[in-house]
Amino acid sequence: MREITYAQAINEALRECMKEDERVVLLGEDIGLYGGIFQVTAGLLDEFGEERVIDTPIAEAGFVGAGVGAALTGMRPVVEVMFIDFTTVCMDMIINQMAKIHYMFGGQGRVPIVLRVNIGAGRGTAAQHSQSFHALFMHIPGLYVVAPSTPYDAKGLMIEAIKNDNPVIFVEHKKLYVEKGPVPEESYIIPFGQADIKRKGSDITIVATHAMVLRSLKAAEEVAKEGIDVEVVDPRTLTPFDKVTILESVKKTGRLLVADEGHKSCGVAAEISAMVAEEGIFDLKAPVVRVCSPDTPIPFSPPLEQAYVPDVKDLLSAIKHLMEYA
Amino acid sequence: MEIKKKKLVELYTTMLKIRLFEERVIDLYARGLIPGLAHLYIGEEAVAAGICGVLRENDYITSTHRGHGHVIAKGAELKPMMAELFGKKTGYCKGKGGSMHIADMEIGILGANGIAGGGIPIAVGAGMSAKWRGTDQVTACFFGDDASNNGTFHEGLNLASLYRLPVIFVCENNQYGISVGQKKQRLIQDIAIRATSYDMPGIIVDGNDVVEVYEASLKAMKRAMAGEGPTLIECKTYRWRGHHEGDPNQGRRYRTTEEIDSWKKEDPIKRMAAKLIADKVLTKKKMDDLKNQVLEEIEQAVIFANESEFPTIEEMYEDVYIYGDRA
Chain R
1 MREITYAQAI NEALRECMKE DERVVLLGED IGLYGGIFQV TAGLLDEFGE
51 ERVIDTPIAE AGFVGAGVGA ALTGMRPVVE VMFIDFTTVC MDMIINQMAK
101 IHYMFGGQGR VPIVLRVNIG AGRGTAAQHS QSFHALFMHI PGLYVVAPST
151 PYDAKGLMIE AIKNDNPVIF VEHKKLYVEK GPVPEESYII PFGQADIKRK
201 GSDITIVATH AMVLRSLKAA EEVAKEGIDV EVVDPRTLTP FDKVTILESV
251 KKTGRLLVAD EGHKSCGVAA EISAMVAEEG IFDLKAPVVR VCSPDTPIPF
301 SPPLEQAYVP DVKDLLSAIK HLMEYA
Chain G
327 MEIKKKKLVE LYTTMLKIRL FEERVIDLYA RGLIPGLAHL YIGEEAVAAG
377 ICGVLRENDY ITSTHRGHGH VIAKGAELKP MMAELFGKKT GYCKGKGGSM
427 HIADMEIGIL GANGIAGGGI PIAVGAGMSA KWRGTDQVTA CFFGDDASNN
477 GTFHEGLNLA SLYRLPVIFV CENNQYGISV GQKKQRLIQD IAIRATSYDM
527 PGIIVDGNDV VEVYEASLKA MKRAMAGEGP TLIECKTYRW RGHHEGDPNQ
577 GRRYRTTEEI DSWKKEDPIK RMAAKLIADK VLTKKKMDDL KNQVLEEIEQ
627 AVIFANESEF PTIEEMYEDV YIYGDRA
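Read top to bottom, the protein sequences are chains R and G.
When we follow my numbering, the leftmost residue of the first sequence carries the number 1, and every step to the right adds one.
When we follow my numbering, the leftmost residue of the second sequence carries the number 327, and every step to the right adds one.
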């Protein structure tokens, strides 16, 4: 199969959906002429014109809210907020409006909007352009939260996100945009709520998201040399969440490591750990370990940032620690 | 401008319906039948009636926490409305929204909104949507004076102007942002001048004169439908009650009885009634009949709300997400 990048895979999903459905329109900062800060929307302005690919002013509450209004009245907007960090200035539109409209109005109205954001540190952009607070959206009922780790998943999940009638926070990862992988040329959907086992193993379950999936696979190869057999499970969507696959994996391995690039406290890993504690604790033979970002803002200085981002080294020491429990 | 007699009676009736509905709400709230918050619109009826008086059924509105008037003027039915205020399952929102969140997608009510300025970007999006879909639908966006100090107002007006959207921005200047008066909110006297920054007409009207509001709305509507873009209409008015029914002494902590009484003399309904009688559009007798009809409709709504069931606990978990057939 041909290989394309994660950014190209999302681009292809957008293009296919725009070709198929006139209601699909794009809004966001620098998504037109510039092609998007990470080139995810490259070429779409030329192909679909400025009626459907709109370079908005830097007014997140305005254009994200406009996306909500457009979705509510029959469109299917895909709105890009340049960095997840910038969603803080339009949080009302996300939390109080798009997430709640359908419920608050008693099942009236649909808000089929996709809000594209990205997370991930490691690019020297400090505390306001590198955060990974996607867990925040998991806390809000009414939103779906999608977290692709591969080009294949990114395309199939994006097509599903656009066709879905609910508001979707589509969380991309900056460090993954250039990663290549096999992606079918035809259109396909990955249903929400289906985790994917990225590597089968019997000793430890690593539930990993985004770039932590790749890092976990590398760590798994590393420890395989020592005879440790790691299973890597990627939830792919955080809401809805596939508990079954994770609990089954934990039942098999008895050891759980959760790896997510968000802060450790109240994060994705905290939620998954709590879920396993509630529903699978008797399958565990070791305490749950979380590998996450520290509970500090993201520092600028390169050695500090390098230490900040959870990486293969952190995973290796967590794996070794878990294997101390028989 | 010559307005047909039928339209004048319609504007009057709408105002009367809002007033009498809310007077009943005062009583029901005091009796504990309406839980939560009730932000009343009494005194401001001419704004909703005048603006919505030009809208068609498929035109849109976005409303506010003080939304009863807007939705009644847009054509909401009183039975599901009252039931919603009671928290009953027969309400517009199955009892999940309450007073601050009445919506009726069938007639373009995109929802009352509990966040000041929250509806403004949504109205902009409805305007963009009408353009994308190639319809001539117009969106009227209601908000208060203090919401014009919110970022969403400035972002929304800029976007609507930039894309020449068919949106009518309706600022209901009732003189107070909750308890904070005009002079403590901003230095400019008139919010309408803010339209200049966004290259759109900014019109000031007497918000207690339904005909003046209607005429301004009609002009804005024509401009919107001609593809010329949005208009900002500032309606100077006053809320007679407190910010909500629980506001101590109906808002006399931050305003005087004299001030309230002076605005009551500008009662939009009395003014319109006097005009209709003077112009021989309606007789006193006809007016009394109208009032009795409206009161009966409200009575039926209260009976309906009272007799309706509360939602079951299971229903709490419904409508969080949409499943099944896709739109």
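Derived by calculation from the structure, the hints in this document are not laboratory data.
Mixed in with the good hints, there may be bad ones.
Quick look at which bits of chain G chain R covers, simulated, 3 or more residues with Cβ under 8 angstroms [said to hold, decoys possible]:
id, segment
1, 422-434
2, 483-492
Listed next, the in silico DSS-like pairs over lysine-lysine satisfying Cα-Cα at most 25 angstroms (straight line) [said to hold, decoys possible]:
id, chain 1, residue 1, chain 2, residue 2
3, G, K590, G, K617
4, G, K596, R, K163
5, G, K330, G, K606
6, R, K19, G, K617
7, G, K610, G, K596
8, G, K333, G, K510
Remember, predicted model here, so these are calculated numbers, not experimental data.
Glycine included, every Cβ here is placed at the ideal spot set by N, Cα and C.
Discussion item. Hint by hint, where does the structure go against what was stated? Just the numbers, ascending.
Written reply: Those not satisfied are hints 4, 6, 8.
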